[in-house]
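Chains as they are written, first to last, in the numbering used here: chain A, 1 to 376; chain B, 377 to 752.
If you're looking for bench data, these hints aren't it; they were derived computationally from the structure.
Keep in mind the model is a prediction, meaning the values are calculated, not measured.
Treat the hints loosely; a few may be bogus.
[To be verified] Derived coverage of chain B by chain A (criterion: at least 3 residues anywhere in the stretch with Cβ under 8 Å from a Cβ of chain A; other residues may be distant):
id, segment
1, 484 to 490
2, 505 to 512
3, 586 to 596
4, 640 to 650
5, 704 to 712
[Stated by the list, open to error] Every beta carbon over 12 Å from chain A, so not counted as near; a handful from chain B, in silico:
id, residue
6, 440
7, 611
8, 688
9, 741
Even for Gly, the Cβ is constructed at its ideal location relative to N, Cα and C.
Each chain is listed here by its residues.
Protein chains: 2
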Amino acid sequence: MTDDDRLARVALSRLTEPGEAKIASLTAQLGAVRLHALLSDPAQNTPEARDVATRLSGLDPAAELERGERLGLRYVVPGDAEWPAQVDDLIRAETLDHRGGPPLGLWVKGPTRLNDLEGAVAVVGARSATTYGTEVAASIAGALVRAGHPVVSGAAFGIDQAAHRGALAVDGANIAILACGADRAYPTAHHELLAHLGRTSAVVAEVPPGCAPTRGRFLSRNRLIAALSRGTIVVEAAARSGALNTANWATRLNRHLMGVPGPVTSAQSQGVHELIRAGAASLVTRGDEVLEVVGDTGTHLAAPARAPSRRRDTVPPRDQRVLDAVPLARAAPVDSIATTAGMALLDVQASLRRLMRDGLVELMPHGWRLTPAANE
Amino acid sequence: MTDDDRLARVALSRLTEPGEAKIASLTAQLGAVRLHALLSDPAQNTPEARDVATRLSGLDPAAELERGERLGLRYVVPGDAEWPAQVDDLIRAETLDHRGGPPLGLWVKGPTRLNDLEGAVAVVGARSATTYGTEVAASIAGALVRAGHPVVSGAAFGIDQAAHRGALAVDGANIAILACGADRAYPTAHHELLAHLGRTSAVVAEVPPGCAPTRGRFLSRNRLIAALSRGTIVVEAAARSGALNTANWATRLNRHLMGVPGPVTSAQSQGVHELIRAGAASLVTRGDEVLEVVGDTGTHLAAPARAPSRRRDTVPPRDQRVLDAVPLARAAPVDSIATTAGMALLDVQASLRRLMRDGLVELMPHGWRLTPAANE
Numbered sequence: 001m002t003d004d005d006r007l008a009r010v011a012l013s014r015l016t017e018p019g020e021a022k023i024a025s026l027t028a029q030l031g032a033v034r035l036h037a038l039l040s041d042p043a044q045n046t047p048e049a050r051d052v053a054t055r056l057s058g059l060d061p062a063a064e065l066e067r068g069e070r071l072g073l074r075y076v077v078p079g080d081a082e083w084p085a086q087v088d089d090l091i092r093a094e095t096l097d098h099r100g101g102p103p104l105g106l107w108v109k110g111p112t113r114l115n116d117l118e119g120a121v122a123v124v125g126a127r128s129a130t131t132y133g134t135e136v137a138a139s140i141a142g143a144l145v146r147a148g149h150p151v152v153s154g155a156a157f158g159i160d161q162a163a164h165r166g167a168l169a170v171d172g173a174n175i176a177i178l179a180c181g182a183d184r185a186y187p188t189a190h191h192e193l194l195a196h197l198g199r200t201s202a203v204v205a206e207v208p209p210g211c212a213p214t215r216g217r218f219l220s221r222n223r224l225i226a227a228l229s230r231g232t233i234v235v236e237a238a239a240r241s242g243a244l245n246t247a248n249w250a251t252r253l254n255r256h257l258m259g260v261p262g263p264v265t266s267a268q269s270q271g272v273h274e275l276i277r278a279g280a281a282s283l284v285t286r287g288d289e290v291l292e293v294v295g296d297t298g299t300h301l302a303a304p305a306r307a308p309s310r311r312r313d314t315v316p317p318r319d320q321r322v323l324d325a326v327p328l329a330r331a332a333p334v335d336s337i338a339t340t341a342g343m344a345l346l347d348v349q350a351s352l353r354r355l356m357r358d359g360l361v362e363l364m365p366h367g368w369r370l371t372p373a374a375n376e
Numbered sequence: 377m378t379d380d381d382r383l384a385r386v387a388l389s390r391l392t393e394p395g396e397a398k399i400a401s402l403t404a405q406l407g408a409v410r411l412h413a414l415l416s417d418p419a420q421n422t423p424e425a426r427d428v429a430t431r432l433s434g435l436d437p438a439a440e441l442e443r444g445e446r447l448g449l450r451y452v453v454p455g456d457a458e459w460p461a462q463v464d465d466l467i468r469a470e471t472l473d474h475r476g477g478p479p480l481g482l483w484v485k486g487p488t489r490l491n492d493l494e495g496a497v498a499v500v501g502a503r504s505a506t507t508y509g510t511e512v513a514a515s516i517a518g519a520l521v522r523a524g525h526p527v528v529s530g531a532a533f534g535i536d537q538a539a540h541r542g543a544l545a546v547d548g549a550n551i552a553i554l555a556c557g558a559d560r561a562y563p564t565a566h567h568e569l570l571a572h573l574g575r576t577s578a579v580v581a582e583v584p585p586g587c588a589p590t591r592g593r594f595l596s597r598n599r600l601i602a603a604l605s606r607g608t609i610v611v612e613a614a615a616r617s618g619a620l621n622t623a624n625w626a627t628r629l630n631r632h633l634m635g636v637p638g639p640v641t642s643a644q645s646q647g648v649h650e651l652i653r654a655g656a657a658s659l660v661t662r663g664d665e666v667l668e669v670v671g672d673t674g675t676h677l678a679a680p681a682r683a684p685s686r687r688r689d690t691v692p693p694r695d696q697r698v699l700d701a702v703p704l705a706r707a708a709p710v711d712s713i714a715t716t717a718g719m720a721l722l723d724v725q726a727s728l729r730r731l732m733r734d735g736l737v738e739l740m741p742h743g744w745r746l747t748p749a750a751n752e
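Isolated chain A (complex conformation):
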């Protein structure tokens, strides 16, 4: 795009809040340059519009870009090679209170390029997570990065932090999307984490540098987490948790939505269980189950969970029938076992000897019974 377009987008992003669907729609219809020019016209009809024009005339977008550059930030806009095409899906996504639309641009810090995030997966969840939740989030995030899928999260306390940490352990693309400026650290306790991600992967924000986080900006940020990702995994979420807002965006955007179950006695899993019950999210328990959902077709097929194979599984069918007829507790004589199995006495006797050799039955004073190994 032209420099004018980039400058107009910087100015408009200073004028408005992120995720104002109306601005996104006008930008799509008119282009950022024309919209900026129209809004900047000082000969406006209403006081509000005149106020907007005054505010726009007071901005210096070129200086903003320069200042961002000094902070190590670049401003990526539609048309740039780095623009992540998947966020354009937001053009068709809007909430009832008119939040939605693609961002005017994205401020990025770090070497990872946003056009390399097609396979990205968001791992999100409760801030007040349990150790169970953080362990699972870290483990799934690690498995994703190991399989080449960038991990996206919000750098919040709890699940978000665990997801970034789990992805760090494997060293792959690990993207934090913030509700404040990409130069700021919120929460401040994650200053080190964000500095590290900014050096090794990417920290992304829709709001201009220096902006503080607000509730409204969190809600808009959540739409970006969902839009940038091919799928979203909610690891823990209480009923009405903020993570469910990201989940709603994933659904609205036709992205895969997955939920990790937990103890039904844990309030932090309640919201996830509701998502699964409602059919909005599919249940996942391990990284390879997530890969089965978000991977390229047929690339990953999760093997169903398997118990270790048991000794009795290797028993041939004729002996299996006898084995099924041997009592579990008190021993039974061979003729009673033959009756139960509906087989001839001599065949049963031969079978029992083979089963004894395999350690599956034992001969007691009053007959045969199963060994503990057979009853595992």
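Use these hints to put chain B onto chain A, whose structure you have.
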């Protein structure tokens, strides 16, 4: 039915193992009396058939019934007023290894009548259950009985025992279905429990009194648990747990199948998660969610899990917009909040004062910020 029919069924049940689909099918086609007569004919063609005739001629079913009566057992057969019609669904259900079909009859101990079990729900699961699993099983079983639904289980260690215990706490129909004779206690540690259920509710077995439990009889018993119940809940089950066999029967019989999730790190929940992932079981977390599935239509509608309502939910829309624009951490001056909210300065000032009165924002030396209450 005639006494002849009952006597023929007693004899046939001594001759064969429970759940032999071939016998069930022949009984349905010929009637028990005629099948018994045919099999008893000493002029048979094959040695096996002559062996069967010999064995039948050695039985005294009238004495068996009398002996059962002395043990406090009654033998309920199709056509009796007490016959539970729902088990006849087994006529159309058979495994690949020819297990299936309705039982020839059921030995019952206890005051509960089997024809009163239409709303019964099976609560089953791992023998090696966790305390988490047993707590949830007991709680769900209690909720079911409280709502008038009989609880059915298998009196095994772990989840079964917890289900019976939970139902006992509320005092309602609480049915144990055994793989051994209804006069026996297996496991022996549950002698007291079974004696209590036999006095207050019902202990049921397909095999005649005195019979020992075998693996084959457990598999056949599982089909009865599923068939007697309107739905089956699997609370915990490792991959390939025996409880999954009952789950398969529930599916085969078009019964509701439900699963209680647990930590993904728990092997005891793996089998349940697989059932939910496969779409075989629906996820349930509480008694009222089970009632929603198994209750009569519209009787029970589980309220979705709810977080306690938050103070910020009661804020009127105009103040909500301002609240969304107030920073979470560092305070911001009123003009910056007005810009963020896109509202007039005076309106925002008035809003902030109302929000302060409600304890949602606070005025700091350098401006306004959210209180912890607003950020809950």
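Verification of the supplied hints:
1. Residues of the segment 484 to 490 of chain B with a Cβ under 8 Å from some Cβ of chain A number 0, which does not satisfy the need for three, so the listed coverage is violated.
2. With a threshold of 8 Å between beta carbons, the proposed coverage of the segment 505 to 512 of chain B by chain A holds, since 3 of its residues qualify and at least three are required.
3. Interface restraint, the segment 586 to 596 of chain B with chain A: holds (6 residues with C-beta to C-beta distance below 8 Å; minimum three).
4. Against chain A, the segment 640 to 650 of chain B contributes 7 residues with a C-beta closer than 8 Å to a partner C-beta. That satisfies the three-residue criterion, and the hint holds.
5. Counting residues of the segment 704 to 712 of chain B whose beta carbon lies closer than 8 Å to any beta carbon of chain A gives 4, which reaches the threshold of three, so the coverage claim holds.
6. Remark: the non-interface label on residue 440(B) is consistent with the geometry, its nearest Cβ contact in chain A lying 15 Å away (cut-off 12 Å).
7. A beta-carbon of chain A is positioned within 12 Å of the beta-carbon of residue 611(B); the least distance is around 10 Å.
8. With a least beta-carbon separation of about 8 Å from chain A, residue 688(B) fails to lie farther than 12 Å from that chain, contradicting its non-interface assignment.
9. Interface exclusion of residue 741(B) from chain A stands, the closest Cβ pair being 16 Å apart, more than 12 Å.
Consistency with the previously given hints fails for numbers 1, 7 and 8, ordered from lowest to highest.
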